[in-house]
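Engineer: The chain contents come next:
There are 2 protein chains.
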Amino acid sequence: MNSFYLLALVSPAAERLRYILGEDDDPPNPTVFTEMDTLQHDGEEMEWKESARWIKFEEKVEEGGERWSKPHVSTLSLHSLFELRTCLQTGTVLLDLDGYSLPQIIGINLSQIEDGLLKPELREKISYVLLRKHRHQTKKPIHRSLADIGKSVSSNTSEFTRFSHAQSRSMNDITDTPSTDQLKNKFIKKIPKDAEASNVLVGEVDFLEKPFVAFVRLIQSTMLGGVTEVPVPTRFLFILLGPSGKAKSYNEIGRAIATLMVDDLFSDVAYKARDRDDLIAGIDEFLDEVIVLPPGEWDPNIRIEPPKKVPSAEKRKSVFSLNEAGQMNGTAGGAAGGSGGANGIAAPGTLLRVFPRFCGGLYLDIKRKLPWFPSDFYEGFHIQSISAILFIYLGCITNAITFGGLLGDATDNYQGVMESFLGTAMAGSLFCFFAGQPLIILSSTGPILIFEKLLFDFSKGNSIDYMEFRLWIGLHSALQCLVLVATDASFIIKYITRFTEEGFSTLISFIFIYDAIKKMIGAFKYYPINADFKADYVTMYKCECIAPDPGDASGEDAPWQQESSLLSTTLLHLNKRGKQFLDWTQLSKKECLKYGGSLVGKSCKFVPDLALMSFILFFGTYSMTVTLKKFKFSRYFPTKLRKLISDFSIFMSILMFVGLDVLFGLNTPKLQVPTDFKPTRLDRGWFVFPFGKNPWWIYLASALPALLVTILIFMDQQITAVIVNRKEHKLRKAAGYHLDLFWVGVLMAVCSFMGLPWYVAATVISIAHIDSLKMETETSAPGEQPQFLGVREQRVTGIIVFVLTGISVFLAPILKYIPMPVLYGVFLYMGVASLNGIQFWDRCKLFLMPAKHQPDYAFLRHVPLRRIHLFTLVQIICLAILWILKSTVAAIIFPVMILALILVRKMLDFIFSQHDLAWIDNIIPEREKKKEDDKKKKKKKGNKGEEESEDEVCPCSGGPRFPTPSVIKIPMEPVQSDPQNGIHCITSKYSA
Amino acid sequence: MNSFYLLALVSPAAERLRYILGEDDDPPNPTVFTEMDTLQHDGEEMEWKESARWIKFEEKVEEGGERWSKPHVSTLSLHSLFELRTCLQTGTVLLDLDGYSLPQIIGINLSQIEDGLLKPELREKISYVLLRKHRHQTKKPIHRSLADIGKSVSSNTSEFTRFSHAQSRSMNDITDTPSTDQLKNKFIKKIPKDAEASNVLVGEVDFLEKPFVAFVRLIQSTMLGGVTEVPVPTRFLFILLGPSGKAKSYNEIGRAIATLMVDDLFSDVAYKARDRDDLIAGIDEFLDEVIVLPPGEWDPNIRIEPPKKVPSAEKRKSVFSLNEAGQMNGTAGGAAGGSGGANGIAAPGTLLRVFPRFCGGLYLDIKRKLPWFPSDFYEGFHIQSISAILFIYLGCITNAITFGGLLGDATDNYQGVMESFLGTAMAGSLFCFFAGQPLIILSSTGPILIFEKLLFDFSKGNSIDYMEFRLWIGLHSALQCLVLVATDASFIIKYITRFTEEGFSTLISFIFIYDAIKKMIGAFKYYPINADFKADYVTMYKCECIAPDPGDASGEDAPWQQESSLLSTTLLHLNKRGKQFLDWTQLSKKECLKYGGSLVGKSCKFVPDLALMSFILFFGTYSMTVTLKKFKFSRYFPTKLRKLISDFSIFMSILMFVGLDVLFGLNTPKLQVPTDFKPTRLDRGWFVFPFGKNPWWIYLASALPALLVTILIFMDQQITAVIVNRKEHKLRKAAGYHLDLFWVGVLMAVCSFMGLPWYVAATVISIAHIDSLKMETETSAPGEQPQFLGVREQRVTGIIVFVLTGISVFLAPILKYIPMPVLYGVFLYMGVASLNGIQFWDRCKLFLMPAKHQPDYAFLRHVPLRRIHLFTLVQIICLAILWILKSTVAAIIFPVMILALILVRKMLDFIFSQHDLAWIDNIIPEREKKKEDDKKKKKKKGNKGEEESEDEVCPCSGGPRFPTPSVIKIPMEPVQSDPQNGIHCITSKYSA
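Listed in order, the protein sequences are those of chains C and L.
As numbered in UniProt numbering, residues 1 to 992 make up the first sequence, in order.
As numbered in UniProt numbering, residues 1 to 992 make up the second sequence, in order.
Same shape as in the complex, but just chain C (with noise of 0.2 Å):
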């Protein structure tokens, strides 16, 4: 009982790793790749057949199934790392031999071994044993199966021919050249260009009584013909041959070895081992730390899929490269999580101080996008931008003639749809071409259209020209963005937090969904269905045009006849008293009610099928994109047909629809866009003159609604530039708010001297524009999952979008034929995939789930969940108000609104904790947080311990951090430690 135990503060591996992984100015070693061949009996005959192979994850071969199993975690037993130890303690370990062929490497190596341990005889037959031929699983193509068919009538011989020929043999082993198998290997693009091969051979034998072990590491890595299944040299050789009856050992053992070899640390290690006790020492070092998984917990027949993201090699190695061994553990997890957490960069807090220069801000923006403006555009040339156009196109021609029409409406078509059509693709290509953020996609926006519909009003009603008013506004307007940029006011969306933004981006989904639907029902409205309508009484079903009673038109003309020139000469009959006619019954329903006719019958208010038609297209377009969307992640088809289906899944959802409305016929309301380059209204042109219609005192006037549309674009804008900005979308090339800002107000000049639409940053299209050009890793290792690299930020696609969208007068050949009810399809999708990834909601759907199913989200595990249940329900009751306001006419100060939002949230200061808020709300900037975790550490250090190191996980990353490297494992106090606290060294057990 006196010697006491627990926790070795160092262990002498630690202590050796240290020492040789040490120096950092070393390359970084070459991948290994592991490929493990086991030794085969046919009767007398025997060969080297693949059974494994590593580059980052295993894949066996499936012995009957003749295929590469899935890559998966490489689980080993317990028992097969120790009894490698032994083997590495006890064979012959050979570094930094100089071979050049594999005959002799093995001549050098069987050499080493002492006469005494190995009999002459027996060092032929290994000899012999190793050199025989080594067979690889490489595919074949499926069309064989029908040839052998034939070959393979009488089962038992056959088998075996047809094994044979499924497999590749190389019978080379001593050539240097490699084999047209091996060229031909299309596996090759899967190893790094620069990989070296590490070669595990195991087998049995009979003639050997004890096994006979070798760990070979070449000075160079040597081309050894056929002994791996690619062209890459080899450099490591783990030989182990042992007498009959452990093969299974034998192979746990060689499995052992090949996952150690693509291990990033042992790999480290076993190129710089000096000795045969480095390499144990790296295998004590790994064993440190595994992770163990209870027999009665687990079923080690499941083979584990690769993780979607591993624990860094150079955390790990960290630890050892490290000369202040004394600070490590408390900032070595600091460190690493702020690493973790994306370029800061686009994190508003760095970009958006408040610069004491004029203009500063603008300056910088500048300074800082230039260098990428030629990338902007090479960059852009990539098959995802074509799926990207083709759908931010419709989206913004839809949404142009949308609001065309209804601005048209609101201005008695001062601004049109044509106006909204010249507009977008003016201000669009503009912006995209110059602004600080390319990805941003302009549009008009509600608020701005309650505004003109108000300013057109008030005119109106005082007598003021609503176009020359308008300048003047726009000008102001204008005038003051430019001051707002000048004095770098953009600073002031640092104070919008995660809460603001979510509940501003969430709204503006909402909206989009729900206008979406709103049209769709509207399409009920207007073809109303004819419920009681029965097929068998089909004849009382009419809709006649009845003239108008002829008493009433005896004083004057009958509107008819006012027109009478125009009608068609069928329509007209001379009655027998020689006066014209009309033939009611000929009229179109239109032309009926034109001239005063009226409209009787059951049929006259109803439309068929339309309604329905409209519904099938509409939740066909939309549920057809979402399925589609995720066929990406199906198991059907190449990885790369699956990419290509999800990208174009909105353009092949429109195509098919568009094709089944073209097949049914039906007429339905279709996408109608102006063909005619001219103003909507015949009396107003291309410019606005701005002087000269109304008092001058009305120039000065104007200033003061210019400032309610200066903050309404302001908010509007810089939003959205923050949601586009979001750390989430990776974005490499920064932000630019001032450089934005300065460009929506200069549009906004333009615009109003063109008597067109004002633009802003409209949140859902820009979302959608980001979710299309987002990529992700090509997979390198069989098994890694693919990460989010970021955006493609690039000005191409928004350019064309715009220049399209100008040019559309001259595709509405084509355009006529989308309905309007998948387009709407399209909106719903927008809206529904911009709320996806958006914390809030996702907090919202907790409210529906048993705690127990809850996802693991990493703000659950740190923050009550009745803390997160109350700040959701405060966003939610914000939002509820925000809604009720933008159905009023408050609406025109909604963006004001996210002021008070802005507010909200301070309030919320003093319910919640920083903790809190921290998890909940990412309220701390990267740089800031990392000093506050630094003081909060030291500050705990001393008090309670049993605080886990998940509690320091860096809550701005949104996800968990890589745990520190515990502390336990490898203090890095002085080896001569206080006798009392640890006098027993456990590692040391492995080096009994």
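Hints were generated in silico from the structure; no laboratory data involved.
Do not rely on the hints blindly, as some may be mistaken.
To be verified - Below, in silico cross-link-like pairs of lysine-lysine (BS3-like), each with a Cα-Cα straight-line distance of 25 Å or less:
1. L:248 x C:315
2. C:534 x C:308
3. L:643 x L:632
4. L:190 x L:308
5. C:605 x L:602
6. L:534 x C:605
7. C:852 x L:640
8. L:186 x C:852
9. L:519 x C:534
10. C:210 x C:133
Given the structure of chain C, go ahead and fit chain L onto it with the hints provided.
Structural biologist: Only chain L this time, still in chain C's reference frame:
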């Protein structure tokens, strides 16, 4: 180099365990529930706070979240396990302590330690610490959070108040009665009744300089008051108190012992251990079986969800309890596989031997089924039955109506809808009451329909009385069936393998799907859509009834005049000459055509809206059913509610779309059941007299067509029975092929006498019946996956379904609200759902998947992909041929074609090896298989050692079996082994 290593042949640990676990007679040990409490310091105050608990998997208290984590697999570090080992080696171990309260136990515990090792003042302090109160993590309702807001305005102090409110404190460590908190804890439901608790207490204190460790087993489990969160008596106590600064490490050790305590094997060891060394041996054994994940391939922070299945504890234990250690390795796997592969009763092979006795099979069937008869009724009372009844009832009446209509057409209404209803009700309910397999649902089938049609045409052409002729055919056929029963002819289905069975059921499913879609498309023909309709020209659309040319009718009365008495007077007018004339414009379409009028107008041949509405109802019902069915796996709502929604998905979808249909009020085609109980044709009664209408030789000659009917019936019936009795369904009550056929024969005779259609098992509806009655385990331990238990085998659902069918005549007022398209949607769902779980269908899907994305099916690991594809291709070709046959008149010999399928399958024996077929086609029945397995193993043993245990997986169980306890781990040879093979014992390292 002389002392050679590799693989200890027996470890002392295993030897020890075999000794203590060897006696098999003891009652099984209770389940262990483990709770881990850690010591918390609140300034001067100390208390024990629950930090994790285990039933089978780990649940952790999320510190910040104040909630339980999801149950997950405990991932331990190897380090902590070794440290735990050292702890047990050096700490106090008290086995069979007679304790009744915590203070007393602690007292005894401390007194056991020698005085030199623990100073008296420390003793007191430890005792003080250990008696601190325990705080448990209990759930608090969410509504608290709102009340909390007020309290927690100032964040720092309030944070603590909140904390203490949300968690219950139990102050009563000393009382033995459970506290109210304990009693209120609903978690107790998850713990088995006989469970005993093991309490793990870890913490750091400042007064200790070296850790204090104690492991206590009480002689009898005792309630220790508030120590455990639930009132479960404590049996084990593990205490670890150590000096400050190592809390995380103590925690990990606590987790390690907790995980060990819930391990089936170790808990046995803990119960039976005689001394410290037994415990150590238990740990060593555990270590020997752990699964190791490499640190570079897995992130230890990921919580691993509990697997679907874990290795059974029995298997792991069996190693230690069997006495014939030598034979062990060879047979353990086979035995386990046999028990895993469901009870062999349901396999056709065992039931269908040719019994030498007359009626032997029938006798055995009755003998086997009779004991289950009472339970067949009381087991039917379950909520799930309601959903099954509704589902199958709707399927049955739709089927009855469809087939009734078709039969009526085919037989000139000698058998119509009414006969179909009556026959279905009678035959179905009798069959469900008395048959061997009451899960089978009887129905008319396609081949019978075609036979009736041919028979009727033949009778008509040759002036034979159809009903009498049919009666005799039925009687002959019934007799032939009984002969087949008496001679045990059902043994033939032994030759029906998966190939045939799945081919048949896939075909039937396709027919279902095809029919459903065909009927849907039919709606577009029934209700043509007017594609050219333009709303503006509504005035142009009408359909007028034009009177026939009066010239034609001059000679005789026009058709309307002949029936003028039937016409309502509103339509008849007197013209000037006093002659009746008809107001043609007021006639309906039917009347118009009937009286010789002609329909003129653009809208005559169109029916608006109905086709599209039908489509929406059809597709909506189908997709909503699919969605709701999947809802069981969503995260929303509590498990029970989700299960209910999933069970009633079809009913809810039908309700929903019936509601939608009612809402729209459109005149969609509705389900119309006959409302009067009388034969469809007035000239027939409910009994067919056997003599008098046909010549006598017909009575004998009808034996020939009867033979065809018999084959038809026999094949259809028995293959469906094979499908229903599939091993995957895990039926307990076994099949009754002979008894089934007996009743089919009897019912055939009865139906023939009553002039009702003949009935035979309906594949798709029977599968649907089984699917709707599937049982799963109610999950007990948190995290354990529900296991498929079997099917609710009873007669109640079937009987009620058919009784309901019988009284549908009275349910007509309700049923008439159900639109037919909704029912077609249900049919589509049935067809698609019955494809699920068919291996053939899974194999078809493989064609579209790149190899690397294919699911990990067992057969894929063992059979080359191209062989699988070839097999699938043969099946597809067979099905295609059958499909073509089915579409022609040859359909009548369709069931006979199944025999051809069996032949094709026999021929495949020449193309495929038996190994491949064993995997793809499950050829070998359970028992024979096992023998062959054994043979194979013996053959292999000497030969290829490196075949892996996976290869010995039993293909019949349909999935990978758990591997045999690895040969390396616990070889059962005597301890005195060949010294050259194993000198150095690896596991002995643990005991260093």
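Engineer: With reference to the structure, classify each hint as holding or not holding.
Structural biologist: Hint check:
1. L:248 x C:315: 20 Å, holds
2. C:534 x C:308: 59 Å, violated
3. L:643 x L:632: 6 Å, holds
4. L:190 x L:308: 18 Å, holds
5. C:605 x L:602: Status holds; Cα separation ~18 Å.
6. L:534 x C:605: Satisfied, since the Cα-Cα distance of roughly 13 Å is no more than 25 Å.
7. C:852 x L:640: 13 Å, holds
8. L:186 x C:852: 14 Å, holds
9. L:519 x C:534: The hint holds at about 21 Å.
10. C:210 x C:133: 24 Å, holds
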